[in-house]
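J.: As a plain string of letters, each chain reads:
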Amino acid sequence: MQFFFEVLIAGLLSGVMYALVALGFVLIFKASGVFNFAQGAMVFFAALTTVGLKEEFGLSLWLAIPITMVVMVLLGIATERIVLRPLVNQHDITLFMATIGLTFFLEGLAQLIWGSNVRRLDLGIQDVPIEFVMDKTGMLISQFDVIAAIICAILVAALAILFNKTKVGRALRAVADDHQAALSVGIPLQHVWAIVWAVAGFVALVAGLLWGSRNGVQFALTFVALKALPVLILGGFTSVPGAIVGGLIIGASEKLAEVYIGPYVGGGIEGWFPYVLALVFLLVRPEGLFGEKIIRRI
Amino acid sequence: MKLKFAKAMIVSAVAAATALTGALASAQEQFIPILSYRVGLYASGGSGFFGGAIDYFNLVNANGGINGVKISWEECETEYNATRGVECYERLKKKGGGASLVEPLGTGIAYGILDRLPTDKVPMTTLGYGRSDAANGQVFPYVFPLITSYWNQAAGMIKYLGDKEGGIEKLKGKKIVHLYHDSAYGKEPFPVLEAYEKSIGFQLIKIPVPHPGTEQNSQWLQIRQANPDYVILWGWGVMNAVAIKTAARVGFPREKMLGVWWAGSEEDTIPAGDAAKGYTTMTFNTPGNYPVIDEIRKKVYGAGKGNLSDKDRIGSVYHMRGVTAAMLWIEGIRNAQNKYGKGKVMTGEQIRWGLENINVDEKRQRELGALNMFPTIKTSCQDHEGSGAVKVQVWDGKAWKAVTPNWVTGDRAMVQKMVAESSAKYAAEKKITPACLPG
Chain D
26 MQFFFEVLIA
36 GLLSGVMYAL
46 VALGFVLIFK
56 ASGVFNFAQG
66 AMVFFAALTT
76 VGLKEEFGLS
86 LWLAIPITMV
96 VMVLLGIATE
106 RIVLRPLVNQ
116 HDITLFMATI
126 GLTFFLEGLA
136 QLIWGSNVRR
146 LDLGIQDVPI
156 EFVMDKTGML
166 ISQFDVIAAI
176 ICAILVAALA
186 ILFNKTKVGR
196 ALRAVADDHQ
206 AALSVGIPLQ
216 HVWAIVWAVA
226 GFVALVAGLL
236 WGSRNGVQFA
246 LTFVALKALP
256 VLILGGFTSV
266 PGAIVGGLII
276 GASEKLAEVY
286 IGPYVGGGIE
296 GWFPYVLALV
306 FLLVRPEGLF
316 GEKIIRRI
Chain Z
63 MKLKFAKAMI
73 VSAVAAATAL
83 TGALASAQEQ
93 FIPILSYRVG
103 LYASGGSGFF
113 GGAIDYFNLV
123 NANGGINGVK
133 ISWEECETEY
143 NATRGVECYE
153 RLKKKGGGAS
163 LVEPLGTGIA
173 YGILDRLPTD
183 KVPMTTLGYG
193 RSDAANGQVF
203 PYVFPLITSY
213 WNQAAGMIKY
223 LGDKEGGIEK
233 LKGKKIVHLY
243 HDSAYGKEPF
253 PVLEAYEKSI
263 GFQLIKIPVP
273 HPGTEQNSQW
283 LQIRQANPDY
293 VILWGWGVMN
303 AVAIKTAARV
313 GFPREKMLGV
323 WWAGSEEDTI
333 PAGDAAKGYT
343 TMTFNTPGNY
353 PVIDEIRKKV
363 YGAGKGNLSD
373 KDRIGSVYHM
383 RGVTAAMLWI
393 EGIRNAQNKY
403 GKGKVMTGEQ
413 IRWGLENINV
423 DEKRQRELGA
433 LNMFPTIKTS
443 CQDHEGSGAV
453 KVQVWDGKAW
463 KAVTPNWVTG
473 DRAMVQKMVA
483 ESSAKYAAEK
493 KITPACLPG
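In order, the protein sequences belong to chains D and Z. Heads up: the first sequence begins at 26 in this note's numbering, then just goes up one per residue. Heads up: the second sequence begins at 63 in this note's numbering, then just goes up one per residue.
Rather than coming from a laboratory, the hints here were simulated on the basis of the structure. Don't take each hint at face value.
Within a straight-line C-alpha distance of at most 30 Å, the following computed DSSO-like cross-link-like pairs (lysine-lysine) qualify [said to hold, decoys possible]:
| id | chain 1 | residue 1 | chain 2 | residue 2 |
| --- | --- | --- | --- | --- |
| 1 | D | Lys161 | Z | Lys492 |
| 2 | Z | Lys268 | Z | Lys236 |
| 3 | Z | Lys237 | D | Lys161 |
| 4 | Z | Lys339 | D | Lys161 |
The following residues of chain D were derived to be distant from chain Z, with all beta-carbon distances above 10 Å [to be verified]:
| id | residue |
| --- | --- |
| 5 | Val32 |
| 6 | Thr191 |
| 7 | Val210 |
| 8 | Val284 |
| 9 | Val305 |
| 10 | Pro311 |
Because the structure is a prediction, the values reported are computed rather than measured. All C-beta atoms, glycine included, are put in the ideal place defined by N, C-alpha and C.
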């Protein structure tokens, strides 16, 4: 039973890391209806820029992070200006295609500026079992994962405040509900989009720092986006809490499936199992657990 | 579309910049296509390996070429993608008077062009990867898995673990986990490991890791539960650093991990930080510095022609592998010239013969400034591998150090038997009559 709980907790903590990436998708989709395919590339770009600034310019990590934050905000604003603004009122699929282009651009740009070397990112958080838990329960729970979960919780709380308690948040929600109605009451659509892309850039930076510290800063960071997709299907594309709950469910279920079902089918199932789970959810609840139910008049 | 175009521009710019140093082939130059990958998931390994090869070409050219024949090359970016790799091969195979040889550094690309090689008469080297049974030159006359193959590596691994226990028979009753990249690459050593499991009597537990391997909590929790004596890590790319870090997370000693050589570079250990200390892997290069590397520093980088932007990577694992590969290619071309005419540009067919008659003993290694940098190698029609020897290295936190002072070979007879059986099966499938090609 102890082993079961160990797997479960490890899965839940991994799920938090997936949710962190999923949050970036949710933010942009919520405010603009755009599925931002470039979120994984943004995670990679942010992490590589931080380490690049640190290693190439000899900056301290704590100076490199705010500079990267500024870079990500500028990148968000530039994306709105150069990529999205010319495409206002175009089909969703057009905007989606634009983000695919953005993905390749960011991947190429990051490697062009900083090179393709694998780099180490040390945030000073030890990725070792917490001794207290180990002594008391015999379970190995990673200190890094627990801290990452706390950071994620803080981020979600901050986003909740931004969305629900601020003027900007109200504007974001208004734009999310109806672009044209928001415009008609004087909400500047472009500003709102720029803000939301900048916030998504910030979320990508946090995800990039944590994933980069865990796995090294390398091109594979772009792949973490693949882990976020089933989370989004499950949690809903428009819900911040949905991203978290979806992440937890996906993380826990993929680990349990790998450990308890995997050995009977040759193993290696955690790559596709979350997608199967997400597909099952799609059949039952197409809008996801927390997504907005869309009712259309026929 | 504009942005997609931007990516193509970046890739082209990188390729063009590096191709500049190679210049285009003229009639008196020996042309070698370089199917490299400098962007994408495996770019760090690709840039090191192909950077090392190009550095060696520049050194050869700086020293007057091969009996006066200079090397020319052109890069084509494959991004480690099989389709793109095949396209690159097709694009470059007839350039510069015809490709001398090809080295894709990727199993997918190697498989993609394997059947085209005899028709195109272009030899292909696959240093430390690809089909292990291609060592049989009677069935695969144009394929050269030089130095060592996966099967010999797996045999070397068991030999080393046996030596650690005080004799290979002492592995009886032990548990060995084979943690592998869930692909054909990860499954390649199965026949050897299973044969040893049967003959020695240890328990082999196979645990796959789905590509790309960014998450391995469940695999390592399974390993912790199984409590094995050793873990063989047969990983690639990000999977390696994640495996090392996750091993630390579940408290598995890194000293009991033994990685494949594609899990044994600075790119695998540096991102893992302190967790990688004590981690061991196989290698076919002895880590350290060599006169040839110093010469590259002096003559190539000193002249501003070095291929690596980061000079700290000179002599790193991937760079040294690239230098080794290029050194063996040049030896093959030199052999061909000795037979077919010194100072002449050789055809692919002639170079195939040259590669089939490589003999780099310690004397020749010394002349090349690479004594003990790689095992001595002597190829023949029956043995396109030429060595089968490996070493074990350990990461001390800052650099790789050799653990085994001498080269290690596993059960060569067993591996050769497996090569013969597997290649015979391939020959039957493809209706090939095994034979040595005339020189």
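J.: Does each hint fit the structure? Answer for all of them.
T.: Consistency of the hints with the structure:
1. D:Lys161 - Z:Lys492: Roughly 62 Å between the alpha carbons, so the hint for Lys161 of chain D and Lys492 of chain Z is violated.
2. Z:Lys268 - Z:Lys236: holds (14 Å)
3. Z:Lys237 - D:Lys161: OK: Lys237 of chain Z and Lys161 of chain D at ~29 Å, within 30 Å.
4. Z:Lys339 - D:Lys161: holds (28 Å)
5. Val32: Violated: least Cβ distance 6 Å, not greater than 10 Å.
6. Thr191: holds (33 Å)
7. Val210: The claim holds: Val210 of chain D sits with its nearest Cβ about 33 Å from chain Z, beyond 10 Å.
8. Val284: Given a closest Cβ separation of 5 Å, the condition is violated.
9. Val305: The assertion about Val305 of chain D holds, with a minimum of 19 Å to chain Z.
10. Pro311: holds (27 Å)
Checked against the numbered hints above, the structure breaks hints 1, 5, 8 and satisfies the rest.
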